[in-house]
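Enquirer: Could you put the whole structure together from the sequences, leaning on the hints where they help?
Residue numbers for the sequence shown follow the numbering used here, so the first one is 1 and each next one is one higher.
Think of the hints as simulated: they come from the structure by calculation, not from any bench.
Glycine residues also receive a C-beta, built at the ideal position from the N, C-alpha and C atoms.
Check the hints yourself; a few may be wrong.
[Claimed, not checked] Taking lysine to aspartate or glutamate pairs in the DMTMM-like style, the calculated list, with each CA pair at most 25 Å apart, reads:
hint, residue 1, residue 2
1, Lys158, Glu118
2, Lys152, Asp138
3, Lys152, Asp63
[What the hints assert, rightly or not] Cβ-Cβ distance ranges computed for the label pairs, FRET-style:
hint, residue 1, residue 2, range
4, Glu87, Thr116, 44 to 54 Å
5, Val55, Arg148, 24 to 34 Å
6, Gly216, Gln66, 42 to 52 Å
7, Gly53, Ser84, 32 to 42 Å
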Amino acid sequence: MKAVILLSGGLDSSTVLYQALADGCECYTISFDYQQRHKRELRSALAIAKTAGVVQNQIVTFDLRQWGGSALTDDTIDLPQMRSLEEMSQNIPVTYVPARNTIFLSFALAYAETITAERVYIGINALDYSGYPDCRPDYIQAMQEVFRLGTKQGREGKTINIVAPLLHLKKTEIIQLGNKLGVPWELTWSCYAGDDVACGVCDACQLRLAAFAELGLQDPLAYSQK
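Expert: Here's what the structure looks like:
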């Protein structure tokens, strides 16, 4: 069974790749250089794809800085730092990139239909504190209908299925799953800041560090601050 996996190089997407492998899939990964502040993640995506032995890793390049609208695509918008988990859960943060997952899934769908894949895996999580609108169950349901109606494969009764195995898992549960699957955490990257060493204070770093700490585990990444 062929599957396309959205691979950012982060903790969640890496776990999803290893889950797809455990599901017996022939894996094709797709990563995105959208001129994000944290392009450093692409090095991790390549390293993880190589370690996992995927059939092919694609990097698609486009420029969302043309529009900005997010702290990840506009350097004039400051990244949130040192926020509590309660603060993170209050509103959709400035790190939300408008329609990003819709764009990503559209590329993945085109790739999947081209190689006649049966599945597209994505590492979104509805329980994460960010509450991004394109990381929720109703969004996945809607996109699944797009996959059915918007492709030749779908109209012929061979719909490409979206698989989101982390959708209802807490970050601690994702780490536990990744440990069982053998995800190489030392190769992953979560930081939004864009430096060569993870900052330890942005929302992504804080969520990651908190989850490892709750489990009594040591995060193998180095951080400039904690």
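Enquirer: Hint by hint, say whether it matches the structure.
Expert: Checked hints:
1. Lys158 / Glu118: holds (8 Å)
2. Lys152 / Asp138: holds (24 Å)
3. Lys152 / Asp63: Answer violated: Lys152 to Asp63 is near 28 Å, above 25 Å.
4. Glu87 / Thr116: 44 to 54 Å: holds (45 Å)
5. Val55 / Arg148: 24 to 34 Å: Holds, since Val55 and Arg148 (Cβ atoms, about 25 Å apart) stay within the stated range.
6. Gly216 / Gln66: 42 to 52 Å: At roughly 44 Å between Cβ atoms, Gln66 and Gly216 fall inside 42 to 52 Å, so the hint holds.
7. Gly53 / Ser84: 32 to 42 Å: holds (40 Å)
In terms of the numbered hints stated before, the structure departs from hint 3 and from no other.
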